[in-house]
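> Under my numbering, the sequence shown has 872 at position 137, and the numbering climbs by one with no breaks.
Since the hints were made in silico from the structure, they are not lab data. We put the CB at the ideal spot given by N, CA and C, even for glycine. Since no wrong hints were added, every one of them can be taken at face value.
Simulated crosslink set (EDC-like; lysine to aspartate or glutamate; CA at most 20 Å straight-line):
#, residue 1, residue 2
1, Lys903, Glu886
2, Lys867, Glu815
3, Lys782, Asp796
Derived Cβ-Cβ restraints for the label pairs, each shown as a range:
#, residue 1, residue 2, range
4, Ser891, Ala788, 32 to 38 Å
5, Arg835, Pro942, 19 to 25 Å
6, Pro838, Gln780, 31 to 37 Å
7, Thr789, Pro942, 30 to 36 Å
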Amino acid sequence: MSTSLFDLSGKVALVTGATHGLGMAMAEGLGNAGAKLVITGHSSQEKLDSAVATLREKGLDAHGYLFNVTDEAVVHEMVEVIEREQGPIGVLVNNAGIIRRVPLLEMDLAEWNLVLQTNLTGVMVMTRPVVKRMIARGAGKIINICSMMSELGRDSVSAYAAAKGGLKMLTRNMATEWARHNIQVNGIGPGYFATSQTAPIRVDGHPFNDFIIGRTPAGRWGNPEDLQGAAVFLSSDASNFVNGQIVYVDGGILATIGKPGNE
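All chains, please: the whole structure from these sequences, using the hints.
Right, dumping it as structure tokens:
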């Protein structure tokens, strides 16, 4: 198979929530495949500028825009600005999200609404102005970052699981509505990854670290770079007839009911 199928040269890839962690890793992968990168964040201009500088130090063509994906008026304005300044968006990766670990009976309604607004409604808000332009051009790739919580429950993450479960179905319905326009909409569901956020528990002897290594057939945490192949595939011509699918990059957790091996 020709490597040109995976070449993203000439494409503008917008990755939301990409100032650190998995979003930044996926952006780097798309940049290494040739895409011009547009990354977004909303916590601070300093953090956004630092992320852009890091990507540029690696030789990538990266640009940053500060805004909140849940603000519909601002999103419409910024999509117009991005396309005017950087070119037509060919790839949209909806990665921005939050989690609140609070038992359902103790969660305030405002906190519940914030999680759903950011992780689910924000994807709809961000995608609509982008996909309208993609439809007019007759091509586009949209990747929604789902989760293993799109399939499984876990204590204290009911709002997050509800949002990510909804995002799985939103992905399928987006594909259903827009495939006729040569728009491919798919999802990536990361497993447990080695990031700065998980560093405190990724130590030998920590119960959760031992649980993840024992529960994952691959026998390890994922590295952020492990997501890059799936992101490039779903952004490239190699996936032109792939639509409405969720690719779980989880080391095999969802494939098994228990520990690997005959234990």
